[in-house]
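K.L.:
Each chain, letter by letter, is given below.
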Amino acid sequence: MIDPLIHAALLMTTPILLAAIGGLVNRVGGIVNIGLESMMLTGALVAVIVSADTGSVVLALLAALVAGGIVGLLMSLVVTRLAANEIIVGLGFSVAVAGLVRFLLKSVYGVSGTFNPPGVVMLPRIDIPVIADVPILGAILSGQDPLTWFAWAMVPVTAFVLARTRLGLRLRAAGSAEMTARALGLDPLASRDASTVFAGAMSGLAGAHLSIGVVGLFNEGITGGRGFIALAAFYFGRNRPWRTALGALLFGFFEALQIRLQGRGVPAELVQMLPYLIVILVLTGLGLANRRRSGSSS
Amino acid sequence: MIRAALANLAAAALPFVLALAIGAIVLAVTGHDPLSVYALMASEAFGGTRRIAATLTATTPLLLTGLATAIAFRAGVFNVGVEGCFYLGGLAAATLGFWLVGWPAIAIIPVALLAGALIGGAWMVAPATLKVRLGVDEVVTTLMLNFIAVNLTSWLVNGPLLARGSANSATPAIEKTAELPRLLPPSTLHLGFIISLALVILYGFWDRFTVTGFRSRLVGLNARFCRAVGIDVPSLLFRMMILSGLIGGLAGAIHALGLVHRFVAGFSPGYGFTGIAVALLGRNSALGMILAALVFGALASSGATIQLFSDVPIEIVEVLQGTVMIFAVAKLGLLLRDRRGLA
Numbered sequence: 050m051i052d053p054l055i056h057a058a059l060l061m062t063t064p065i066l067l068a069a070i071g072g073l074v075n076r077v078g079g080i081v082n083i084g085l086e087s088m089m090l091t092g093a094l095v096a097v098i099v100s101a102d103t104g105s106v107v108l109a110l111l112a113a114l115v116a117g118g119i120v121g122l123l124m125s126l127v128v129t130r131l132a133a134n135e136i137i138v139g140l141g142f143s144v145a146v147a148g149l150v151r152f153l154l155k156s157v158y159g160v161s162g163t164f165n166p167p168g169v170v171m172l173p174r175i176d177i178p179v180i181a182d183v184p185i186l187g188a189i190l191s192g193q194d195p196l197t198w199f200a201w202a203m204v205p206v207t208a209f210v211l212a213r214t215r216l217g218l219r220l221r222a223a224g225s226a227e228m229t230a231r232a233l234g235l236d237p238l239a240s241r242d243a244s245t246v247f248a249g250a251m252s253g254l255a256g257a258h259l260s261i262g263v264v265g266l267f268n269e270g271i272t273g274g275r276g277f278i279a280l281a282a283f284y285f286g287r288n289r290p291w292r293t294a295l296g297a298l299l300f301g302f303f304e305a306l307q308i309r310l311q312g313r314g315v316p317a318e319l320v321q322m323l324p325y326l327i328v329i330l331v332l333t334g335l336g337l338a339n340r341r342r343s344g345s346s347s
Numbered sequence: 037m038i039r040a041a042l043a044n045l046a047a048a049a050l051p052f053v054l055a056l057a058i059g060a061i062v063l064a065v066t067g068h069d070p071l072s073v074y075a076l077m078a079s080e081a082f083g084g085t086r087r088i089a090a091t092l093t094a095t096t097p098l099l100l101t102g103l104a105t106a107i108a109f110r111a112g113v114f115n116v117g118v119e120g121c122f123y124l125g126g127l128a129a130a131t132l133g134f135w136l137v138g139w140p141a142i143a144i145i146p147v148a149l150l151a152g153a154l155i156g157g158a159w160m161v162a163p164a165t166l167k168v169r170l171g172v173d174e175v176v177t178t179l180m181l182n183f184i185a186v187n188l189t190s191w192l193v194n195g196p197l198l199a200r201g202s203a204n205s206a207t208p209a210i211e212k213t214a215e216l217p218r219l220l221p222p223s224t225l226h227l228g229f230i231i232s233l234a235l236v237i238l239y240g241f242w243d244r245f246t247v248t249g250f251r252s253r254l255v256g257l258n259a260r261f262c263r264a265v266g267i268d269v270p271s272l273l274f275r276m277m278i279l280s281g282l283i284g285g286l287a288g289a290i291h292a293l294g295l296v297h298r299f300v301a302g303f304s305p306g307y308g309f310t311g312i313a314v315a316l317l318g319r320n321s322a323l324g325m326i327l328a329a330l331v332f333g334a335l336a337s338s339g340a341t342i343q344l345f346s347d348v349p350i351e352i353v354e355v356l357q358g359t360v361m362i363f364a365v366a367k368l369g370l371l372l373r374d375r376r377g378l379a
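Protein chains in written order, with this note's numbering: chain A, 50 to 347; chain B, 37 to 379.
To be clear, the hints were calculated from the coordinates, so they are not data collected in a lab. A virtual CB, placed ideally from N, CA and C, is assigned to each residue, including glycine. Careful, some of the hints might be misleading.
Unchecked claim - Short derived list, chain B residues pointing at chain A, Cβ under 8 Å:
{"#": "1", "residue": "Val116"}
{"#": "2", "residue": "Gly195"}
{"#": "3", "residue": "Glu211"}
{"#": "4", "residue": "Thr213"}
{"#": "5", "residue": "Cys262"}
{"#": "6", "residue": "Ala264"}
{"#": "7", "residue": "Ile352"}
{"#": "8", "residue": "Lys367"}
{"#": "9", "residue": "Leu371"}
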């Protein structure tokens, strides 16, 4: 009873976590990325096409990563080089890419909504003998796909890189002290672009996880607002990788729970509201804490 | 003077021209002839009274979502939550529209419109309070509230407010008396267009000739200066955000009573977000926003019919809308300056 729920929760967490890590790095670099959803959608479509064409999961993932990164780069260049407001550009990308994807599906593949080419190869599952039979632990560790392992491995890696390496320091400088970074001869805009490309690549993988990791086809609504849930996750995590992962896990759990509760009297719509509500509550709590701190110091 | 105005117009039209260019590339790559597609779209949007009426119908919600966005943006508040207000206002008006059985039109229409506006305004109280009291970023809260509003209304029309015997998520149809009168039957153009247009024009006067209008613009330009000269900035921001919500709610209410005549799940195909593009492209000015809303209205109404007469999918309209949004905020002049810098 509990094992399938745990397994489903982790499966639902993976795309949110991947995109959230990308968005977190992007935000540390100085851009709030509202366009994650568009990069996810691109990755999901590209992964299905390449997987069906080549039969190779590795190539499919690589293509999704590159495609997401390209969308990220385009968005970043508009923001950093043309001084455009990142929120509006992000929303614009969400609208334009969603339209473009559906346009191409109809125009090139002659399908509407769902694209299910023959021969899509799915992500493999990694079963771990012995552990697989242990209750709970088996559900957590065994039978997961490589992207899930990758997503969780990226949490400590991101934490380490941001906190302890030169690369991380430069990125943080680009985000919070642009002028200082420039004065030191660094190129904060380039760091910022790199962080958006990273966010795009991670979101592309997140999309690939949805399309060739979970369902094995592409649907225009496949991302279902997960790019915005990922945004909620890194706001929940206040730019800390582990806390962001916790947020992603929480939202993944809600999603799994909501699927289980369907047809049992709990309206799905109300459960789907929870991540967004939690973010507002977290921001409220933060605001209150800030006010108390500044109130006591003055 | 005229040259300056023309230069302004050219600068404002540039994002749209660039979007058309990108749309043309997409069309050409997928084997369509961009020029004939655009020509067909233009004739579908403006060729004849009926087509113009359809375009004006599609323009109606955008006038008000653009206005709602502009009122917040010009005061320096990044309210991206008009979409949520639109949903809630639409649901409130539609619900009263079928509940108040037997009310005469003169009573039911104002009450339903007012209710829609009020709920939109009330929806903005939380993010406005959070912003002015606790300094919580309104972009995130209003964006999140959109998803909450969409889910909340879709739960209501799937459960408590679902029309009896209806399989799809919709409320019952509103009373005949609650429907806004049609202006040019048999076209769907309704009184809401006049109301919306009047409000945008009213906004133009408010913007130019009133103290509050001036002050709220000033706050958007330089909040520190305003604080220094004694303008109560937090209170002004709060009021502008609520006003933005009121108008967003009214937009939804008008859409429900004027066109849809009920509330359905997926009530808005992103009118709130297109409103952002309208406000940006129109540079928050009344005339600019009317033109921008007309452009997007034309895109929407022609997109719906080119699909019938050609094999071009309607989604080309979304591609154009999104790219207009992107280019509307990009400082395109920097492109030229960079090149000069390199040379």
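K.L.:
Tell me if Gly195 of chain B is really an interface residue toward chain A, meaning its C-beta lies closer than 8 Å to one of theirs.
P.N.:
Hint on Gly195 of chain B: holds, closest Cβ of chain A at ~6 Å, below 8 Å.
K.L.:
Are Cys262 of chain B and chain A close enough, Cβ to Cβ, to be under 8 Å, as the hint says?
P.N.:
21 Å, violated
K.L.:
Is the shortest C-beta separation between Ile352 of chain B and chain A less than 8 Å?
P.N.:
6 Å, holds
K.L.:
Do the numbers back the hint for Thr213 of chain B, that is, is its least Cβ distance to chain A under 8 Å?
P.N.:
At 31 Å from the nearest chain A Cβ, Thr213 of chain B fails the 8 Å test, so the hint is violated.
K.L.:
Does the CB of Val116 of chain B sit less than 8 Å away from some CB of chain A?
P.N.:
OK, holds: Val116 of chain B within 8 Å of chain A, min 7 Å.
K.L.:
Would the hint on Lys367 of chain B be counted as holding, given a Cβ-Cβ threshold of 8 Å to chain A?
P.N.:
5 Å, holds
K.L.:
A closest beta-carbon separation below 8 Å is what the hint needs, so does Glu211 of chain B meet it against chain A?
P.N.:
27 Å, violated
K.L.:
Using the nearest Cβ pair, does Leu371 of chain B come within less than 8 Å of chain A?
P.N.:
7 Å, holds
K.L.:
Once the shortest beta carbon distance from Ala264 of chain B to chain A is found, is it less than 8 Å?
P.N.:
20 Å, violated
Comparing the model with each numbered hint stated earlier shows that hints 3, 4, 5 and 6 do not hold.
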